[in-house]
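S.K.: Here's the letter readout for the chains.
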Amino acid sequence: MTKGSIEVKVKFGGMMAIALLLMCCFAIATHAAEINVPATVPAGSGLTIPSSGSGSATLYVAGPGTAIKRTVQLGREIRLGADELQNAGRYVVSLDGNTATFFVTAGPVQSIAFLARPSRVPADTPNVITGTAFVFDKYQNLVLQPQPVKFELTANGQTTSRTETTKNGVAFAKLDSSKKQGPAQFVASSGPASVRRVVQEVASDPCSIRMTAVRDKNGILARTDPIHDCAGNPVSDGTIVTFTSTDAKGKSTVDARIRQGIAEAELPASNDATISVASGVVVGNEIQWRGGQ
Amino acid sequence: MKRALPILIIVLTAVLIAMATIQPNELTPATSPDGAVRALFDHVKARDYKGAFAYVANSGDTEEQAFAADLAGRDGSLRTYSSLEQADTKVLHASDNEALVRATLQYATAVGAFYDTRDLKVVREGDRWKVEWPVVQEANVPPQVIQENYLRWDVITRGSNDDWGAQNVEAPRVRIISMNAIAQGANTIIVGEIENEDTVPGFVSVGATLIGKNGDVLGEETSFDKISHTLLPKEISPFRIDFPKTPLATVKSVRMTPNSMLVPASADPVIGVVHQRVETDSRGRHVLKGELINESGVTVNIPHVLATYYDGAGKVIWVSDGYVDNALLPQAPVPFAVDLRDDPASNVHNYRVTVNEYMLQQDE
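One line per chain: the protein sequences are A and B, in this order.
Start counting at 1 in the first sequence, then tack on 35, and there's your number in my numbering.
Start counting at 1 in the second sequence, then tack on 651, and there's your number in my numbering.
Bound conformation, chain A alone (with noise of 0.2 Å):
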């Protein structure tokens, strides 16, 4: 054995005991800075973090719309408030140059969004009411778990419920529209929460129009029976009623409005005329006034 080959040997070993060394040590390090967070954490509620060690060092929390930069002893307990883990999502934590992942849930339902459509639709429709609920816990998170809505539509004294189960955070229902027309509370609730919105059930077109015609001091005033729609809801007042009269001097029109469920106009006086009466598409019947009657 050579002195060189000696030295060489040496060498080995020095660096070899080295290297053991500072693998000792990183994993001395590793295990005493190990950051213990649980997996999922209720949004609001706070954490406690513990640590070990000895000194200070900069504490960093990064998560959806919050970011926190702290300087903590190390060895005592780190304490983050229920203010700053509101959002629900994963939050990032960075101790001495290690860090943990943790999620913030959503907590128990306590608000709705709540989507009615549309704000007016006809009476006596089958599925053309929908409801769509979006429920949030108290830090406006979607809450993710499912949960039970009930969807609730009362119109003229009926009510009408169906019960939805969330999924990812969103219920929807579609219900038919009562027979009657009037305004329909449309509930949506889940826990605490309710909402209310307001969907007018409005009449349909008319399904027919019945007129009669008399003599009038400035001519002849035609007046229709009261107007309903086939459910036998009136239609709304304001609804043009078009009435026309020909006869020799040319043809006469009123647009009159419905008020009060009957529409009525002023013709001009004729000796030989053929009244007839309209709205929209649908048309009523017809007079012959002959000779003023």
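These aren't lab readings, by the way, just hints derived from the structure by calculation.
These numbers were taken from a predicted model, which means no experiment stands behind them.
Please note that the accuracy of each hint is not assured.
Claimed, not checked - Which stretches of chain A does chain B cover? Using the computed rule of at least three CB atoms under 8 Å from a CB of chain B, they are:
| hint | region |
| --- | --- |
| 1 | 146-160 |
| 2 | 283-290 |
| 3 | 295-308 |
The beta-carbon is built from N, C-alpha and C at its ideal position, and this holds for glycine as well.
Given the structure of chain A, go ahead and fit chain B onto it with the hints provided.
M.R.: Frame of chain A; chain B shown alone:
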């Protein structure tokens, strides 16, 4: 000599001032029938109704106030927002003592040019000609109480404090129920009808886009005032959209865009359109004539007449419109006339007249 020039200048200045200040008591007499009509309307142009009235022959029958009201307008009518721009005269026939002169008047108004044609009888009084102004029978509405069941829609829209899920009240459902593209020379005209199918009033407008053979956009226009913008439930309005200098042969398709908006509205006033008939006027043109009767108790200041013409199959073949320059007083008939082009006139099988109303703010 040095003083003569200043004195001359002073005297000349005094004479000129006197000439400018002192006006003749009598207006220049008209020596010809059309001269009388032209002189009358020259004074109307200058809004000098007193001067114009000096050319009126039957001064005993016509009051100066009524004459001025006839030409200047009243009750907030369109005429009150107009001024006479041009008056062309043409002698239709003349004798030694009387003549008939046609005056074609062009007014500048708030809604564009407005044309009026009057055939005026002109008579000789001594050495001058004067116009026999037709006596205008002013609508006399007797004092009365007209009961109104006040029907009105108001809208409460979503507020800033409502949560984001709170639904707003939706715009009314409207539908274009007919549409027809017409070639008029080098122009393309889109006519049709739109219906408010909802139970609430709506403010509607119709837009059209012409698509060329290569898929390129040839033009975009809206109906502007050729439509009734405020439609009550189940009300149908005609519309017309003009594309000048765009031949129909270059158009591959038309994209229609009906727009609607929920607006507060009143169901009043109700305007009857009576005695509608298509006639030929003195110039040989087709006109749709009739009378408007305001069946409500409020004055309609500016009526706007829209006429829809249908062929035998019920298809809309033309839409014409015209403003009426008289206000509609309650229960008082007012005549109207709108032009009908000659080419569709022969195919017109039926027609429908609707009226837009514009009213000045009134104290409720």
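S.K.: Can you list which hints this structure breaks, lowest number first?
M.R.: none
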